[in-house]
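Model the placement of chains A and G on the given structure of chain C, informed by the hints.
Going down the list, the sequences are from chains C, A and G.
All residue numbers for the first sequence refer to our numbering, where the first residue is 1 and numbers rise by one.
All residue numbers for the second sequence refer to our numbering, where the first residue is 1 and numbers rise by one.
All residue numbers for the third sequence refer to our numbering, where the first residue is 1 and numbers rise by one.
It should be emphasised that the hints constitute simulated quantities derived from the structure, not laboratory data.
Note that CB positions come from ideal geometry on N, CA and C, so glycine has one too.
You may find that some hints are simply not true.
Computed footprint of chain C on chain G, listed as stretches where at least three residues anywhere in the stretch have a Cβ under 8 Å from a Cβ of chain C [as the list claims (entries may be wrong)]:
(1) 25-34
(2) 47-57
(3) 60-70
(4) 82-93
(5) 210-222
(6) 254-266
Straight line, CA to CA, 20 Å or less: simulated SDA-like cross-link-like pairs of lysine to any residue [to be verified]:
(7) A:275 x A:178
(8) A:199 x C:155
(9) A:423 x C:155
Okay, the calculated bits of chain A under chain C, using three or more residues with CB under 8 Å as the criterion [unchecked claim]:
(10) 89-98
(11) 409-417
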Amino acid sequence: MQAISETMDHAGIRSRRTRRAILWTPWLMLFPALAGISVFVLFPTLAVIGLSFTHWNLLSPHPAWNGMRNYQSLLSSPDFWTALLHTGIYALSVAGVILPAGFGIAWVLNQPLKARNAYRMIFFLPYVMPLAASGIVFSGLLAPSGGLVNVLLGRLHVAGPDWLGSVHWALVSVIAVTIWEYLGFYMLLFLSGLQQLNPALAEAASMDGAGSWQRFWAVIFPQLIPTAVFAGVMVVIQTFQAFDQIYVMTAGGPVTATTTLVYYIYEQGFQFFDIGRASAASVLFVLLVGAITLIQWRGMRRWGGDPS
Amino acid sequence: MTKLTKAGTLALISSVLLAGCGTAAASTPQPVKATAEHPTTVVFWYGLGGTLGQNVQTLVSQFNRTHPLIHVEADYEGSYSDSGPLQQKLLAAIVAHHPPDVAQIEVHSMPVFAATGALAPLNADLSASTIDGPSHYLPGMAVTTTIGHTTYGVPFNRSVPIIVYNASLFKQAGIASPPTTWPQLVADAKLLTRHNGSKTVYGFAPLANWWPWESQVWSVGGHIMNSQRTQASFDTPAGERVTAELASLIHAGDAEAFPGAEGWDNTMTAFYQGKVAMMEDSSGDLGYDSQQIGSQFAWGAAMMPKDPAEVVPPGGADAVIFKQSSPQVASAAWTFIEWWTAPAQTMAWSETTGYLPVQRAVLTNPAYEKFLAAHPQNKVALAELAYQKQPPQSPHYLALLQYVQDAMQSAFFTNTSVSAAMKTAAQQTDSTLSGQ
Amino acid sequence: MRKRRSLWVWHLPLALFALFMLVPLWWMVVAAFDPMRALLGGHLALWPVQWNLSNFEAAWKSQPFGRYYFNSIATTTAIVTLQIATSTLAAYALVFLPFRGKRAVWALVLLAMMIPIQAIFIPDYLILSQLNWINTYQALILPFAASAFGIFWLHQAFRNVPRALVEAMVIDGASPWSVLWHLVLPNTRPAIMTLAVLNTVFHYGYLFWPLLVTNTAAFRVLPLGLSYFVAQQSGFMQWNLMMAAVLMTVAPMMALFGLAQRYLRAGVMHYGLRG
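Isolated chain C (complex conformation) (with noise of 0.2 Å):
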């Protein structure tokens, strides 16, 4: 109210009519998107949480208290835990190559060298590509007879896999695409964390000279932490997410070999129509989204960066 008061004070403001304005205007500015994010957010939200309590497979008219068997169910189930496997090998092997890759090319292109704008374009094109048009221009790539990889492989007189069909290489497929997709993402986001660098401390760590290595572990990655944690945990995040890609690619098969926690949980819910045990997953989707999230807020407080 303090504040309030200190406003219409500068203002000179009194009258009882620009005092309601002054009330009510907050509200009205704010009222259009918290609605919307009421409605379509945090009341499923809550929705969610309520319906993983339950057994429903929305064909029956109304859901059916459950306790925590949806919980166990899952929990005892080896499927929940091969979908949440997928989802680290793929968070982690996407992870893994885009976050040095992305700074070494990020590092490389920082440096005075010539065309590397146009570099910085190429590598960030594939970045407004729909998800779903990579992943076909991939089925093409990756086709088992007759598509590029494999004509490659023949060359070298090697037998290219059925790459989409097969049990062992379908993830990895998947995972090429993501990576191809993002890597542009993350040298920018690495680029702009080098750009932060101060001059100084850059010249010293410059390319070439005795002990640079030394150096850059010395001087310039403690500075580089903040903007490698934001980058590591938005990389786990967009790929714990990832659907597009491998609804057009492998349909989260074959067997289970791409279905990821997200995969999961759209075949429980709009393919099996058992809206208890989707929801029970969602919300330990959820959970542990929120979890990583708060490694990040931590992780800034700690490195100084603001999470606001």
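For chains A and G alone, coordinates are given in the frame of chain C:
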């Protein structure tokens, strides 16, 4: 003041759009008399892609041309089988009270959709019809359309699983006729397989798919579910025997199976290229097979092998009408279904695609007799009709089939044994059946 | 000078890697323009037998791509416009206006930002079906009309507007609406443009949501149309037609990339600044 208004529009745009879109919702259908300018629209969701999908569109536009008062809007919704998008879309649309008027329902999923209560009973239409009804159909056509005493479906595009074989390769291997039993098939597959450097011709290509699997379980006397339909019962040594024999054929290199969502299509392509001597296929593909094989090699079709019994599942789809449709639309929908299943159309459909003609009358039509004489493969499917068995009518049967499909894929393409894979599938099924 | 010279050795690996990144795009273009199916004939085809538009014609005829274009562009435009409007207003209130409960509202925004739609699509679907909105434009647009991320993003940008300028306008008697319109928006244009461009890229390419809430070709958007095009060929893929369809889908984003690259890159780099 103008300044304020300008900025205020921002708030207005957002709140008005947020609220205002609601008014456009769901126009209630007015019972107006249909005219050629304003025909009654029937929304029809189908699930056949590729060439078959084009055939559907051709027939639909033929219907629209000949029925000026009705307009059938045919929407392709993705495959109707294997928990394909059409089934998901239909169930989700039923939940949203927004189903189409007519849809193709894969024959195994009829109990699932009947349980939703969204399908219109067709008993009255059928008994009044001079075209549709069990007395007009070929035997076995109606095994899947009735749940309890209510009939929900009309046989629309029906098929059975069959064996398609490359007669030229059989001749080269000195085999006179296609196998009739599973042990014969296994022995023939070994004879037919030729490893020639890097080029291998495989004797057999089984499908990693639940459909022929049903026949594999039943032909040895196995049961897929117990009689109360409360438990899976396919994970027995008998129920697994044929599937296990096929898995060992694959692992021994005498058969090749194709994994993944496109496994079936890849199987067909390999057969057309002469890389496979025998395959499991649907009679609904015979038209496409004939077109693709052309005169490259001699080929034939055989019934699914027995061991000792000949038992096959029904296949393809039935057409249903949704309760939600207004009487006017429902009657237009019925007109469309009757037209589609009438002798002239079902015969044309059968000749083009290989699907079974629904009507008994077609068999005595001289034109169809002539067609069969030229395409003896199609006779096999007709002969198999007598051995159709009704799959368990459980609302959870689709889930069971999905688990079995996964089990077959892991048994055929990984080191998992058939019994271990099927045991997992049975456990998954049981947990679904028990409501958990 | 010594440094400059030593740098050029990087061109070889960079150029190779750039080529590698471009291969999928190049293959897409070649396949889209090649009327033959030579591409999948088992030999390398890095140049079309002839440049020809017949694939585009065939793809355009096989699916209602005109309708898909309209739907994609209309829904993306509506989402982005609404989201910017709602986020701008909310962020302004949160940054510049004093009111009771601000901390709670901000906490809700941060909470909403953590919830992925993939976790709550079932209740969202049920809400839309209760409203009878399945298979309508409302279902495609309204769930994204407000965005916690949009508010967060503009909140960060608005905080950089000098408070002294705002105070000065308030003292002169300007209303909050007027401050927003005449001071804050002009001063944060790059951030708003960036949000718009990032959102356009995301929503134009989004498959998951349209897949759930649309049922007929009349409401399908381009990525979903593509996935149906794939399904309709049911395994016997005509890659040249498929790639023509993909290229048609991708083209507007490539154009946007050309026009708004500055904002896109600035946007992503700005993400990094938060780190």
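* **Violated hints - listed by number, lowest first** => Checked against the structure, the hints that fail are numbers 2, 3, 9, while the rest are satisfied.
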